[in-house]
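> As a plain string of letters, each chain reads:
2 protein chains.
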Amino acid sequence: MARVKQYNEQEVIEKAMSLFWRNGYENTSVRMLEKEMGINQFSIYASFGSKHGVFLESLKCYKSKIYSVFEKLQNGTDGVNDIKAFFYDSVEMPTKMGEFDNKGCLLTNTYNEFANSEDQLIQTQMKEFMDVLKTVFIQKLAVNSKKDEATIAKQANYLLLAKHGLAAASRVNNKQEIADYIELTFSNI
Amino acid sequence: MARVKQYNEQEVIEKAMSLFWRNGYENTSVRMLEKEMGINQFSIYASFGSKHGVFLESLKCYKSKIYSVFEKLQNGTDGVNDIKAFFYDSVEMPTKMGEFDNKGCLLTNTYNEFANSEDQLIQTQMKEFMDVLKTVFIQKLAVNSKKDEATIAKQANYLLLAKHGLAAASRVNNKQEIADYIELTFSNI
DNA sequence: AAAATATCTAAGCACTAGCTTAGTTTATGA
DNA sequence: TCATAAACTAAGCTAGTGCTTAGATATTTT
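Quick note, the sequences are listed as chains A and B, same order. Per the working numbering, residue 30 is the first one in the first sequence, and the count goes up by one each step. Per the working numbering, residue 30 is the first one in the second sequence, and the count goes up by one each step.
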């Protein structure tokens with residue numbers, strides 16, 4: 030060994046995540062990452078290989094941050110109400126994480142931004158995330174319910190799309206409008 | 030007068046609109062516009078001033094194309110069902126217009142893409158569009174209904190956000206999923 | 001037919017993107 | 001103590017961006 034790294038990779042990735050969350054992937058340049066992460070481009074490429082690599086690590090970092098929220102959803106015993114609480118949690122997450130300028134959920138934002146992209150890696154990760162979410166929704170919808178499978182499937186799809194809409198909305202609309210939206214969304218279930 | 034234009038501005042704008050619709054504003058370059066419109070960059074700038082100018086004309090062109098759908102919504106006499114039909118029409122519009130690769134509504138896509146932008150002109154146009162839509166929704170919700178104003182306002186907001194979600198969804202989901210989403214969206218209105 | 005002038009072509013402008021590299025600095029192990 | 005090797009700095013690379021311009025081409029009016 031020789032000279033030692035003057036930065037902590039976990040720390041700089043958190044800063045990168047915050048920037049990607051604020052601006053999305055395409056609207057974040059490596060020069061911006063440089064400033065935000067507080068390290069030189071050389072160090073970025075030495076540690077993460079590419080802008081894409083930084084983004085993948087940022088997604089990983091985000092997932093670990095929201096794990097508690099997702100865990101709460103999974104461990105809940107209140108069926109559909111757990112999903113509703115999850116919607117509220119998703120919207121409030123940025124504030125709770127101290128990311129006051131960030132809007133919506135980084136994963137859902139990414140899902141939307143990469144919807145028409147050819148980036149298979151991100152596409153696959155996002156599809157996995159959505160599939161897991163859908164499975165949990167289906168489980169929750171089945172709790173204490175006499176709904177048939179087809180109805181549950183429809184409602185799960187509905188909630189998944191509503192979650193997309195929420196991500197788009199939380200970038201534009203105010204808290205009250207979002208609350209109204211969530212309440213009406215679940216009044217249909 | 031001297032030499033005469035070898036292209037029709039209306040025709041080339043329709044091609045530009047199609048490209049912007051497919052890719053969004055940022056992901057469409059002037060070189061791509063050149064190829065799609067079939068004219069040189071000089072001609073693009075001579076006719077429309079800037080990429081931004083081409084985009085504004087494309088939005089105008091799109092608005093005129095969807096006028097019939099919007100007219101149908103306004104002239105309908107079936108209250109909420111007119112809005113529901115409008116949702117279906119919006120999703121099916123690209124297909125009906127022969128734009129099989131295009132997804133969602135160009136205006137809603139633009140609204141989402143420019144949500145966090147500093148482009149005042151586009152922002153204003155989009156806000157106007159959304160305000161008009163909201164006003165119509167409110168009118169429709171009041172038809173043959175005893176709902177109070179507050180309920181109508183909430184439902185109008187809800188439907189506006191649902192329309193956003195639909196635009197995002199129509200870029201990813203299939204016809205059946207979208208139909209399920211629309212049906213559930215209106216099931217409690 | 002020729003002068004006038006608008007249109008078209010293609011090259012190039014300044015700038016930013018993601019990424020690389022030559023050369024310097026600094027902590028380490030012998 | 002000093003060669004070694006990793007980390008760092010800063011400059012630069014290629015390719016792509018929106019936009020401009022010099023010069024060739026074509027159509028119209030006199």
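Derived from the structure by calculation, the hints contain no laboratory data. Here the structure is a predicted model, which means the values were calculated and not measured. A few of these clues could be false.
One copy or two, either will do: identical chains are not told apart, so a pair holds if it fits within one copy or between any two.
Mimicking DSSO-like on lysine-lysine, the simulated pairs with C-alpha atoms at most 27 Å apart in a straight line are [stated by the list, open to error]:
| hint | residue 1 | residue 2 |
| --- | --- | --- |
| 1 | Lys-183 | Lys-113 |
| 2 | Lys-176 | Lys-80 |
| 3 | Lys-204 | Lys-176 |
| 4 | Lys-204 | Lys-163 |
| 5 | Lys-175 | Lys-44 |
| 6 | Lys-163 | Lys-113 |
| 7 | Lys-125 | Lys-34 |
| 8 | Lys-113 | Lys-101 |
> Within a copy, between copies, both or neither: which one fits Lys-183 and Lys-113 at a CA-CA cutoff of 27 Å?
both (17 Å within a copy, 18 Å between copies)
> Give the relationship of Lys-176 and Lys-80 under a CA distance limit of 27 Å: within one copy only, between copies only, both, or neither.
neither (46 Å within a copy, 52 Å between copies)
> I want to check one pair: Lys-163 and Lys-113. Are their C-alpha atoms no more than 27 Å apart within a copy, between two copies, both, or neither?
both (14 Å within a copy, 25 Å between copies)
> Go through the copies and call it for Lys-175 and Lys-44: within, between, both or neither, with a Cα cutoff of 27 Å.
So Lys-175 and Lys-44 fail the 27 Å test inside a copy (47 Å) and across (52 Å) alike.
> How do Lys-125 and Lys-34 come out at 27 Å by Cα distance, when the copy is not named: within, between, both, or neither?
neither (31 Å within a copy, 59 Å between copies)
> How do Lys-204 and Lys-163 come out at 27 Å by Cα distance, when the copy is not named: within, between, both, or neither?
both (25 Å within a copy, 18 Å between copies)
> Is the C-alpha distance from Lys-204 to Lys-176 at most 27 Å within one copy, between copies, in both cases, or in neither?
Only across copies: Lys-204 and Lys-176 sit 23 Å apart there, 32 Å inside one copy, limit 27 Å.
> Since the copies are identical, ignore which copy is meant and state whether Lys-113 and Lys-101 lie within 27 Å (CA to CA) inside a copy, between copies, both or neither.
within (12 Å within a copy, 35 Å between copies)
The earlier numbered hints that this structure contradicts are 2, 5, 7.
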